[in-house]
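Q: Spelled out from the first residue to the last, the chains are:
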Amino acid sequence: MKRIKKTLLTIALPIIGLLSTAEAHRIWMIPSTSTLSGEDQWISVEAAISNDLFFPNHYPVPLKFVKATSPSGKELELRSTAEGKIRSSFEVLLEEKGSYRIAYENKMLFVSWKENGEYKRFRGTREQAEEKELKGKEALKFGEYFTRVETIVTSGTPSDLKLKGTGVEFSFETHPNDLYFGETARFQVLLDGEPQAECTVTVIKGNDRFRDSVDEIEVKSDSEGFIEINWPSAGRYWIEAYIETEPGEFLGKPVTCGSDYVLTVEVLPE
Amino acid sequence: MKSKTTQKLIPLVATLVSSATSYAGDLTATIEVPRLDVAEYHRPYIAAWVEAADRSIVADLAVWYDVEMPNKEGETWLKDIRQWWRKSGRNKELPIDGISGPTKPVGEHSLDAQLPKMNTGSYYFVVEASREVGGRELIRIPFDWAENTTIKQSATGERELGKITLNIQSK
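Read top to bottom, the protein sequences are chains R and U. Mapping to the numbering used here: the first sequence position 267 is 278, numbers consecutive. Mapping to the numbering used here: the second sequence position 88 is 94, numbers consecutive.
Simulated from the structure, these hints should not be mistaken for lab results. Check before you lean on any hint, since a few could be wrong.
[To be verified] Quick list of the computed label-pair ranges, beta carbon to beta carbon:
no. : chain 1 : residue 1 : chain 2 : residue 2 : range
1   : U       : V139      : R       : D51       : 39 to 47 Å
2   : R       : F221      : U       : Q120      : 44 to 52 Å
3   : R       : P73       : U       : P101      : 39 to 47 Å
4   : U       : L42       : R       : T177      : 49 to 57 Å
5   : U       : G141      : R       : E194      : 32 to 40 Å
6   : R       : E142      : U       : N77       : 38 to 46 Å
7   : U       : A161      : R       : E86       : 47 to 55 Å
8   : U       : L42       : R       : E194      : 48 to 56 Å
9   : U       : P76       : R       : E257      : 26 to 34 Å
Idealized CB from N, CA, C, for every residue including glycine.
Please model the entire structure based on the sequences and the hints provided.
A: This is the structure we're talking about:
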C-alpha cells in the first residue's frame with residue numbers, strides 16, 4: 012500500500028513534470044467499447060493522465076508511444092489522432108476477428124539534483140541526460156521506469172494474446188474481454204516473462220468522481236504469480252501492478268529501477 | 007399479431023449424446039414482444055436458447071435481429087444480446103441457418119424446434135432481449151429433463167419481454 016502510493020508519486024509526477032502537487036495522477040487508456048460484433052468495426056480510444064477515472068483533467072498521453080496490434084500481430088494505423096491539452100484520442104479499424112492489444116510503452120529516466128539550494132528535475136532518455144552535464148551535481152539521484160498502459164478489445168471470438176516477455180504484464184487465464192460481475196477473474200503477473208509471487212495489484216473502479224472514497228481493492232499474487240479479482244459490480248476498472256527491479260547504474264551512480272503496468276477493462280453485468 | 011417460425015436444430019454438442027440416458031424432444035414456445043410507451047422505439051433483438059446446468063449452451067433456438075440490413079450492418083448490435091453473444095453468437099458464422107430471423111413486431115411469436123438428444127438433468131430455456139436506445143432483459147426458465155416428460159412452464163418479463171410460454175415433450 013505504502014509502496015504503491017509512493018510509486019504513483021515518483022512515476023506519475025515526473026512523467027507529467029509536476030513538482031508540487033501531491034495528488035496521485037493515474038494514466039489510462041479507455042476504448043469506446045471492448046466487445047464488438049459485425050464486420051469492420053471502428054473504435055475510438057481516449058488516453059490521459061488524470062485524477063478521475065476515466066475523465067481527462069490533466070495531461071494527454073503522448074501517442075508516439077502507443078501501438079495497436081491486430082490478432083494476427085499486424086501493427087495498425089492510429090486514425091483521427093489528436094493530442095489535446097488534457098487528453099489524447101485516436102480511432103482504430105478492426106478488420107480482423109479476434110483480440111487486439113492497444114498499448115502505451117515507454118521507458119524514461121528521471122533525474123533530480125540540487126543547484127543553488129534549489130531542487131531541479133529532468134526526465135527523458137539516457138542520451139538526453141548525458142547532454143545535461145550532471146556529473147558532480149549535489150544530491151544527484153536517478154530513477155528509471157518502464158511503463159506499460161494497455162487495453163484489450165475483441166471483435167468476434169476472443170483470441171489468445173501473445174506475451175511480450177518484457178516488463179510487467181499479465182498472462183490472461185481469464186480473457187480480459189470476458190469479465191462479468193459475479194465471476195472471478197484470474198490473471199498471472201509476469202516480469203520479463205517470469206511469474207511474480209507476492210506482488211500487490213491495485214484495482215479501482217471508474218467513475219470515482221461520483222463517490223466519496225476511492226474504494227481501491229488490493230490483491231496479492233500467489234506463489235505462482237496468480238491474482239484473483241472478484242468485481243464488486245459491473246463497470247470499467249483500472250488495474251495497476253508495479254514491481255521494483257534490479258537497480259542500474261548511470262554516470263557512476265546507482266539508478267532505482269521499476270516496471271509499471273496498467274490495464275483498463277470492462278466488466279459486464281451478467 | 008402472430009407469426010410463426012419453424013426451426014430445425016442442429017445438435018451442437020456431440021458429447022451430450024449418450025445412448026442410455028439421453029432423449030431428444032420437441033419444443034414449442036411463445037415469446038411476447040411487449041408494447042412500450044417510449045419516445046424512440048426500435049424492435050428488440052431477441053435470442054432464445056437452451057443451456058445446461060453449468061450455463062453452457064446446448065442449443066440455439068432463435069436469434070431475431072436486422073438480418074436484412076445491407077453489409078451485415080445488423081450484426082453490429084448483436085453483442086448487445088450480451089449473454090447470447092458470449093455463449094454462442096461470437097463463435098458462429100452468421101447468419102445461422104434456420105436460427106437467424108428478422109426482428110419481430112409487438113405481439114406474441116411462436117417458436118417450434120426439435121431439441122437434440124440431451125442427458126437427463128437440469129436445463130434452462132433462456133430468452134434474452136435487447137433494444138436499441140432501450141433496455142435489456144433475460145429470462146431463464148429451469149426444467150428437468152427425463153424420458154417421456156411433458157414440461158409446461160411460463161414466465162413474464164418486466165420490461166423488454168412479455169409473457170413467455172414453454173412446452174416441451176421429451177421422447
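Q: Indicate, hint by hint, whether the structure satisfies it.
A: Results of checking the hints against the structure:
no.	hint	in the structure
1	U/V139 - R/D51: 39 to 47 Å	violated, 23 Å
2	R/F221 - U/Q120: 44 to 52 Å	holds, 50 Å
3	R/P73 - U/P101: 39 to 47 Å	holds, 44 Å
4	U/L42 - R/T177: 49 to 57 Å	holds, 53 Å
5	U/G141 - R/E194: 32 to 40 Å	violated, 22 Å
6	R/E142 - U/N77: 38 to 46 Å	violated, 55 Å
7	U/A161 - R/E86: 47 to 55 Å	holds, 49 Å
8	U/L42 - R/E194: 48 to 56 Å	violated, 31 Å
9	U/P76 - R/E257: 26 to 34 Å	violated, 58 Å
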